[in-house]
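There are 2 protein chains.
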Amino acid sequence: MGRLTKQQDAYGQAMWDYLHHGRGFEIVERDDGLATVASGPAFYFRSYTAWAKMERQAIRLARGRVLDVGCGAGRVCRHLQDKGLDAMGIDVSPLAIKVCKQRGLKKTRVMSITQVSRRLGVFDTIVMYGNNFGLMGGFKRARWLLRRLRAMTGPDARIIAESNDPYPRPGRPGLKCHLAYHKLNRGRDRMGGQLRIRIRYMTYATPWFDYLLVSQDEMGQIVAGTGWQIARFFDSKGSGYIAVLEKEQP
Amino acid sequence: MGRLTKQQDAYGQAMWDYLHHGRGFEIVERDDGLATVASGPAFYFRSYTAWAKMERQAIRLARGRVLDVGCGAGRVCRHLQDKGLDAMGIDVSPLAIKVCKQRGLKKTRVMSITQVSRRLGVFDTIVMYGNNFGLMGGFKRARWLLRRLRAMTGPDARIIAESNDPYPRPGRPGLKCHLAYHKLNRGRDRMGGQLRIRIRYMTYATPWFDYLLVSQDEMGQIVAGTGWQIARFFDSKGSGYIAVLEKEQP
Numbered sequence: 004m005g006r007l008t009k010q011q012d013a014y015g016q017a018m019w020d021y022l023h024h025g026r027g028f029e030i031v032e033r034d035d036g037l038a039t040v041a042s043g044p045a046f047y048f049r050s051y052t053a054w055a056k057m058e059r060q061a062i063r064l065a066r067g068r069v070l071d072v073g074c075g076a077g078r079v080c081r082h083l084q085d086k087g088l089d090a091m092g093i094d095v096s097p098l099a100i101k102v103c104k105q106r107g108l109k110k111t112r113v114m115s116i117t118q119v120s121r122r123l124g125v126f127d128t129i130v131m132y133g134n135n136f137g138l139m140g141g142f143k144r145a146r147w148l149l150r151r152l153r154a155m156t157g158p159d160a161r162i163i164a165e166s167n168d169p170y171p172r173p174g175r176p177g178l179k180c181h182l183a184y185h186k187l188n189r190g191r192d193r194m195g196g197q198l199r200i201r202i203r204y205m206t207y208a209t210p211w212f213d214y215l216l217v218s219q220d221e222m223g224q225i226v227a228g229t230g231w232q233i234a235r236f237f238d239s240k241g242s243g244y245i246a247v248l249e250k251e252q253p
Numbered sequence: 004m005g006r007l008t009k010q011q012d013a014y015g016q017a018m019w020d021y022l023h024h025g026r027g028f029e030i031v032e033r034d035d036g037l038a039t040v041a042s043g044p045a046f047y048f049r050s051y052t053a054w055a056k057m058e059r060q061a062i063r064l065a066r067g068r069v070l071d072v073g074c075g076a077g078r079v080c081r082h083l084q085d086k087g088l089d090a091m092g093i094d095v096s097p098l099a100i101k102v103c104k105q106r107g108l109k110k111t112r113v114m115s116i117t118q119v120s121r122r123l124g125v126f127d128t129i130v131m132y133g134n135n136f137g138l139m140g141g142f143k144r145a146r147w148l149l150r151r152l153r154a155m156t157g158p159d160a161r162i163i164a165e166s167n168d169p170y171p172r173p174g175r176p177g178l179k180c181h182l183a184y185h186k187l188n189r190g191r192d193r194m195g196g197q198l199r200i201r202i203r204y205m206t207y208a209t210p211w212f213d214y215l216l217v218s219q220d221e222m223g224q225i226v227a228g229t230g231w232q233i234a235r236f237f238d239s240k241g242s243g244y245i246a247v248l249e250k251e252q253p
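Taken in order, these protein sequences are the chains called A and B. Just so we're aligned, residue 4 is where the first sequence starts under this note's numbering, counting upward by one. Just so we're aligned, residue 4 is where the second sequence starts under this note's numbering, counting upward by one.
Any given hint might turn out to be false.
[To be verified] Some chain A residues well away from chain B (every beta-carbon gap over 12 angstroms; in silico):
1. Lys86
2. Leu88
3. Ser115
4. Arg122
5. Gly195
6. Ser242
7. Gln252
[Stated by the list, open to error] Not the full set, but computed from the structure, chain A residues with beta-carbon under 8 angstroms of chain B:
8. Phe28
9. Ile30
10. Asp35
11. Gly36
12. Leu37
13. Ala38
14. Thr39
15. Val40
16. Cys180
17. Arg203
18. Met205
19. Thr206
20. Ala208
Bear in mind the hints are in silico, worked out from the structure with no lab data behind them. Note that beta-carbon positions come from the ideal geometry of N, C-alpha and C, so glycine has one too.
Use the sequences and the hints to build the structure in full.
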């Protein structure tokens, strides 16, 4: 998904309205007809103290020059900037970036993850919070992007990425509609949790895009052979988790 | 809209999940592409003390045999039943009616407003709360339904109906997307606030149906010559209001 037009900038508009008028929501539509309400703008504006415990723990591993991919309203960048780190936020939403600037972020770009390159400089940390490992899109694209991120980061670089295991936890049945979707996906050669979704807010709607949810095992398979390795996981009480990737040493 | 199939019973399913699992939401999609989140199941389960003031005031006018059209989770019927009135709730959602029964409602039917007739008996009060004047659908249909309701009610009968003025209040600009929709509607010979919508929840979606929001003036035009007259309005601080209709005496 490239830079969004005004009409496509659904979640940017929701954030804008939330910041300026105290309202806003985020509807997620999946290509099997599922429609849900996401945690929405309130989530994107959460201050550090309201973050999930694993997010507060893992962000301590950020250091040096940091790139926040899919920075939304800038909650992570702002925290890092306040800590004195050199943080840059990118997002495909022009309004999200405008919101970030209004909230005092110094370094921002309207830019897709597929557009990042060494032209932005060399980074020590890549952050993908709020399930933004999802922006990896799919198995092949994720591996391509991981190699690309490898080329624009220093030797001791880290990727701190949040995802959500889409499969039922042991002893839990899982929702039928999700199980059916995983099956549908496998039938069309996609990963089970490779969601095809769009975001809607009022009359705004993003284009359809792929958003990838993976189990920890699947993340391991994606990472293998890309020059990265999983250094550790931070778990939550639910299905969300954070992975810390570091470069494989030759 | 007639009786809903399982796959179409989006708001019934949301209420069911809310009652049994504590979750549920209601997405409203309009035929111009607008998508919003409605107040949803939590609203349908509100106890009397949490109702809007105008709702608490106007319900005191209910008497005798009462028909609650679009009864949802049965909040109004339950209140009336507890007060000792003879209240019957109808809804096109089989799951809504199942929820009503589980909550102890004695008289319920899975039935559309267009299916009501004297076969249900003669009523003294018709209640259409939670914007359910909207179920009147459109100008002509509303007038046809009002005549029909006239034939199945006693001489001193009342209709207590809630609506929402869709037009900007004096001195307020109104949202562009709504103003454009009113214009679109007038261009296709519909009332400005004659919404074409469907309700979505997870993979459930109702068929598209007309839901009518009117100003108090417009309601007066609809009612004129149907044998009913507007006896009074209960206003709120917002755009919502309740109209009490009584039979014109010859």
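A quick look at each hint next to the structure:
1. Lys86: Non-interface label stands for Lys86 (chain A): nearest chain B Cβ at 35 angstroms, farther than 12 angstroms.
2. Leu88: holds, 36 angstroms
3. Ser115: holds, 24 angstroms
4. Arg122: holds, 37 angstroms
5. Gly195: holds, 17 angstroms
6. Ser242: Label holds. Min Cβ-Cβ 15 angstroms, cutoff 12 angstroms.
7. Gln252: Per Cβ check, Gln252 (chain A) is outside 12 angstroms of chain B; nearest 46 angstroms; holds.
8. Phe28: holds, 5 angstroms
9. Ile30: Where the cut-off is 8 angstroms and the nearest Cβ of chain B is about 5 angstroms from Ile30 (chain A), the hint holds.
10. Asp35: Cβ of Asp35 (chain A) sits 7 angstroms from chain B, so the hint holds.
11. Gly36: holds, 5 angstroms
12. Leu37: Holds, about 5 angstroms.
13. Ala38: holds, 4 angstroms
14. Thr39: Interface hint status for Thr39 (chain A): holds (7 angstroms vs cutoff 8 angstroms).
15. Val40: It holds, given that the least Cβ distance between Val40 (chain A) and chain B is near 5 angstroms, below 8 angstroms.
16. Cys180: Holds, because the Cβ-Cβ distance from Cys180 (chain A) to chain B comes to roughly 5 angstroms (cut-off 8 angstroms).
17. Arg203: Holds, because the Cβ-Cβ distance from Arg203 (chain A) to chain B comes to roughly 4 angstroms (cut-off 8 angstroms).
18. Met205: holds, 6 angstroms
19. Thr206: holds, 5 angstroms
20. Ala208: holds, 7 angstroms
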